[in-house]
Amino acid sequence: MRKLGIVALGAAAALTLAGCASGGSGASEDGAEIRVWLVGTDTPDEARQYLIDTFEEENPGSTLVIEEQSWDGLVDRLTTSLSGSDSPDVVEVGNTQASAFTSAGAFLDLTEYYDQLGGDDLLPGFVEAGSYDGKFYAAPLYSGARLVFYKKDALEASGLSVPTTLDEYIANGEKLAADNPGKSGIWWPGQDWYNALPYIWENGGEVAVPDGDEWDAQLSSDESIAGLEQVQQVMTNASRAPKDGNETSPEVGFCDGTTLQLSAPSWVKWSILAPEDAEAPGCPDQEANLGVYALPGKDGGAAQVFAGGSNIGVSAKSAHPELAVKALEIILSDEFQTIYGENGLVPAKLSLADTLGTDEVAQAIAAAAGNAKLTPASPKWADVEAAGILQDLFVNIAQGGDVKALAEQADADIEAILNG
Amino acid sequence: MTTVDRGLDPAPSAFEGERIMAPTPKPAGPRRRRRGGLAPYALLGPAIVILALITGWPLIQLVITSFQQFGRAQVFGAPPEWVWFENYANVLTDPVFWDVLGRTLVFTAACVVITMVLGTLIALMMMRLPKPFRMLLSIGMLLAWAMPALTATVVWGWMFDTAYGVVNYVLVNWFGQEQYFQHSWLIDPLSFFLVAGIIIVWGAVPFAAFTLYAGLTQVPDEVLEAAQLDGAGGVKRFRLIIFPFLKPIFLIVTILQIIWDLRVFTQIFALQDIGGIRALTTTLGVYIYQVSIAGGEFGQGGAIAVLTAILLMSISIYYIRQVTKEEEL
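Those sequence lines, one after another, are chains B and E.
For what it's worth, this note's numbering labels the leading residue of the first sequence as -2, then goes sequentially.
For what it's worth, this note's numbering labels the leading residue of the second sequence as 268, then goes sequentially.
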């Protein structure tokens, strides 16, 4: 998914929290303005309008404003704005970034609202991501899944079919690249490390595992190395993407014909099919030729992919915490979440999974989301991402570097940060 | 005592009287100079207060933070723990810091030298150019100078793009250099700094050229003419007349370039997102960001920032002393 990161520290601002929570309640909430920060363009306009209308109808006199933020630099912006006196009331945060703020006391304790917000129907992995120290701070907002997009005609021309195992997927990519010189059988720019995680996980490896109070980085374990070698194989034989490029704008290569397959978050479908006169033009004429499937696992079925997505919480410094919680209830209502489902994002509630529909993409999303995994749940994981250790690792692997030595170096760097 | 008082008293009254008696339409106010008095300090006051507030206070905060264990929890209100020089010890014993510092110094030196040489050559050319071309050149440079660093980096990044960049296209299709097909300009650190250097120098040359051009117009023509009659060639005239004349300007521009290039952030940070290996291309400005803002170690980042400030200040003080020495001579 996008730049997701985590960080976290000691929980200490409980007093501040309590103070703000009680200070904001009372009769003075008439005519309040609730500011909601949504990140990126993933949330459909229909959902935004529904939130504003419903909130203002249920809370006469109060208004709700949605302020759109960008994923780039989100952790920095939240750090400064949530700690200031002009804090937004409700904020979206990447699921792996959440613990940076839950552990720092930036969010209001929502434990008492847990059942009201959806209770055990909420996506369990995301509830875990939004909890800290036994308390519930940030609810799931939506989840995305990584899917493989492919050109049906290219697969057909090489006499291939949709792969059922990871090995077959790799072999297909290599054959496509060999049959179409200069084109990517699997488009994979070197900085895109999210896509490498399934290879590690499917081979039985891990990025890092807890070991008592410490973390033990596992990239150089035999299992992980097997996965990383497969990554190098794909990057070398199947991909013609820049070895040090990033994963933004995957639709460009798909539309100009140089990318035959690529693995990306589910909403990339809309980037590819965007109108030709859009700000970021796509190629809507490819709709019939655009196929999609869930990345297959080593032994068949869906591979364990990275579970990108968002959590949403209430700022501890919100001036109107009760109204903010009401807005949160609307966001987690079945009606609001259904709009996510209808737009190809996995809703925050398990019971709404069928709103995704029954087409090819929906089935692929359901298959992928059912087997999704997260990065190590350390409060300091975001520091690993900020240092660019994984981006550097895969750029070096893409260049044909010695996998074992690079993995050992990355392990040392990761442990230095997680245990530092 | 009284005599002294009497000796002083009449002066202002005489002055006042003069004003009343002869109210000239243009009083020669600015030419009057008085030493002492509170007026200069009163005039300096607001500027000092504003500087103290917007520069001094953050600087003090920075120094305080650099002595503390200050993470994200502290941003949200947890009391920070005083660790005094631990942050500094951590930074100074970290080989990564020394790598970053060395890389930054070498890169800065290269950028400053190239900027100054190009700036001087362009300024000299502007002296010779006919007016219309000089205007054209000035407008072009102003546009380059006015372009925000981020925009410039994105545009240059596109030109050097691996798959669709115009540089690779031209090299392959016009000059037949097949090895530049899908060539990554950023993956090799040296080549990364070549691109970064081009962006930085491109943005910095206009300032150097304009300032030096302004200085060049002040070099007296008769001295140059006399030297020419004595048989001094172009290089000699530059070395023996123009350069000594403009030395203070050269020094000031060089200091400013050093300061700007040492703490360069935008170009490197944005370029790292486009391509390249972060661990091998990080410079001081980006390193401070990585440690403090992105990594949440504000104390450690503060220590690096203080060290950078000390480095910048010592370079500046050295050069400013050189300049003032020149002026006293």
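Keep in mind that the hints were calculated from the coordinates and are not lab data.
Heads up, some of the hints might be wrong.
[Said to hold, decoys possible] Derived DMTMM-like pairs: lysine to aspartate or glutamate, alpha-carbon spacing no greater than 20 Å straight-line: (1) Lys180(B) to Glu445(E); (2) Lys180(B) to Asp428(E); (3) Lys266(B) to Glu165(B); (4) Lys370(B) to Asp296(B); (5) Lys266(B) to Glu43(B).
The model shown is predicted, which means the values in this text are computed figures rather than measured ones.
Taking the hints in turn, this is what the structure says about them:
A C-alpha spacing of about 17 Å is found between Lys180(B) and Glu445(E), which places the hinted pair at or below 20 Å, so the restraint holds. The hinted pair formed by Lys180(B) and Asp428(E) meets the criterion: a straight-line CA distance of about 17 Å does not exceed 20 Å. For a cut-off of 20 Å, the pair hint linking Lys266(B) to Glu165(B) is broken: about 23 Å separates their Cα positions. With a CA separation close to 17 Å, the supplied pair Lys370(B) and Asp296(B) stays within the 20 Å bound.
Under the criterion of a C-alpha separation no larger than 20 Å, the hint pairing Lys266(B) with Glu43(B) is consistent with the structure, at around 19 Å.
In summary, the one numbered hint that this structure violates is 3.
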